[in-house]
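Those sequence lines, one after another, are chains H and R. The opening residue of the first sequence carries number 1 in my numbering; numbering runs sequentially from there. The opening residue of the second sequence carries number 1 in my numbering; numbering runs sequentially from there.
Don't read these hints as lab results, they were simulated from the structure. Even glycine gets a Cβ: it sits at the ideal position worked out from N, Cα and C. Treat each hint with caution, since some may be false.
[Unchecked claim] To spell it out: a stretch of chain H is covered by chain R in this simulated footprint if at least three of its residues, at any positions, have a beta carbon under 8 Å from a beta carbon of chain R; those stretches are:
1) 7-17
2) 44-56
3) 182-195
Take a look at the letters that make up each chain.
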Amino acid sequence: MNTVDPHTLTGAYALGALPEHEAAQFARHLARCPACDLEVRELQETAARLALAVAEVPPAGLRARVLAALPEVRQLPPVPHRATVVPLRPRARPRLPYLAAAACLAAAVAAGGLAVRAQHEADQQRDRSTRAEQQTAALSALMAAPDATFHTTALKGGGSGTVVVSEQQGRTAFVYHGLPKLPEARVYQLWYSREGGMVPAGLVETGRAGGAMLLTGTPRGAVGVGVTAEPRGGSSRPTSPPLALVPV
Amino acid sequence: MPVAARGDRSPVPRSGALEDLLDRVSRGDQQAFDNLYTAVAGTVLGLVRRVVRDPAQSEEVAQEVLIEVWRSAARFDARQGSAMAWIMTLTHRRAVDRVRTAQAAAVRDHKVGLGSYTPPFDEVSEQVERRLEREQVRRCLHQLTDLQRESVTLAYYRGYTYKETADLLGTALGTVKTRLRDGLIRLRDCLGVSA
Chain H
1 MNTVDPHTLT GAYALGALPE HEAAQFARHL ARCPACDLEV RELQETAARL ALAVAEVPPA
61 GLRARVLAAL PEVRQLPPVP HRATVVPLRP RARPRLPYLA AAACLAAAVA AGGLAVRAQH
121 EADQQRDRST RAEQQTAALS ALMAAPDATF HTTALKGGGS GTVVVSEQQG RTAFVYHGLP
181 KLPEARVYQL WYSREGGMVP AGLVETGRAG GAMLLTGTPR GAVGVGVTAE PRGGSSRPTS
241 PPLALVPV
Chain R
1 MPVAARGDRS PVPRSGALED LLDRVSRGDQ QAFDNLYTAV AGTVLGLVRR VVRDPAQSEE
61 VAQEVLIEVW RSAARFDARQ GSAMAWIMTL THRRAVDRVR TAQAAAVRDH KVGLGSYTPP
121 FDEVSEQVER RLEREQVRRC LHQLTDLQRE SVTLAYYRGY TYKETADLLG TALGTVKTRL
181 RDGLIRLRDC LGVSA
């Protein structure tokens with residue numbers, strides 16, 4: 001490494017491809033080389049995109065096992081000397097403010113077990129995953145839109161939902177979590193609230209407590225997104241008071 | 001934290017959902033962790049699976065990573081990058097540790113060297129590429145030269161050091177280092193991560 005311009009190691013370092021001792025050595029170099037440091041950060045953000053591209057659906061038991069372990073785990077305090085390590089140069093932030101959000105939704109789709117698939121239960125598996133992938137891509141694009149906004153709310157009756165809207169993309173997503181099971185013959189239905197009334201915007205897949213879905217129709221002109229419990233198959237107008245109404 | 005002046009055209013980082021969640025997690029908020037899990041578990045597991053391959057071990061490593069996120073959430077520093085990049089760096093490191101430990105154990109136990117550890121690399125890059133879920137990443141990977149793409153995917157998705165990558169590709173060490181960097185820079189620009 002001594003014979004090489006250390007700057008060329010930014011890529012290998014960001015990809016985790018340096019052996020331990022060289023990584024440690026390069027980390028020390030980073031402390032003295034702001035340009036390398038900035039490049040490494042950007043390349044690490046880029047690597048995270050590679051990770052997003054291979055997201056999978058986690059097995060059902062994993063969440064429970066992780067959550068069960070938490071009470072036993074003692075959380076670390078913040079780094080005590082943080083004030084002294086504030087960089088002397090202007091704040092350098094990677095230029096990917098939307099990445100985390102995109103990641104969030106893309107992974108939520110995967111985590112939600114492809115809840116975005118259409119309602120034809122008889123569809124073949126392959127069709128499902130193809131559609132799910134397309135939906136994932138559309139959801140990611142939505143999240144990546146510079147104008148995407150997030151609106152989170154609790155649902156009456158339990159669970160929570162986040163409505164993500166992009167006017168530019170002309171799309172809306174609903175990311176939900178912890179939705180209680182409804183009585184047999186009912187489903188969660190989404191609505192755009194527009195001037196003059198509620199417009200149907202899709203059904204949450206039955207029996208799924210968490211996931212993400214694209215709403216049908218565009219958010220243009222909508223002042224809010226509502227959630228109701230409707231008879232199976234959905235309704236053309238709400239037949240029950242909203243469980244949530246999110247202004248957008 | 002400085003507030004960007006109005007009219008400043010540099011992108012003002014909005015406080016992302018993940019960063020907020022991580023902040024709450026660092027203060028022991030289990031509900032926030034549950035949400036964070038929903039957001040990242042699939043990506044954590046996906047990356048671990050690429051590197052570790054064995055499903056049972058991958059799940060184990062993913063579980064460790066997610067618990068580590070809970071444990072060390074307070075160490076996340078938003079000034080250093082996004083929450084997703086922080087979590088993925090952690091994930092990749094853990095996955096690679098597991099593989100390298102297993103290799104070391106294999107060397108110890110069976111006296112086999114790294115030379116005998118030669119994964120079928122054609123299958124690797126094909127699989128990696130076939131399974132990319134995001135069109136944008138796929139498109140951008142295809143804009144790399146073959147050597148850039150192979151270097152980047154072997155190093156990241158398979159967890160090889162640059163030396164192992166060079167061996168696999170039959171390429172000089174210095175060349176692989178350079179390809180890892182310029183390949184990743186090209187990806188960065190293609191994906192719009194550039195400064």
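Going down the list of hints, with the structure as the test:
1. 7-17: As far as the region 7-17 of chain H goes, the hint holds, because 9 residues have Cβ atoms under 8 Å from chain R.
2. 44-56: It holds: at least three residues are needed, and the region 44-56 of chain H offers 13 whose Cβ sits within less than 8 Å of chain R.
3. 182-195: violated (count 0)
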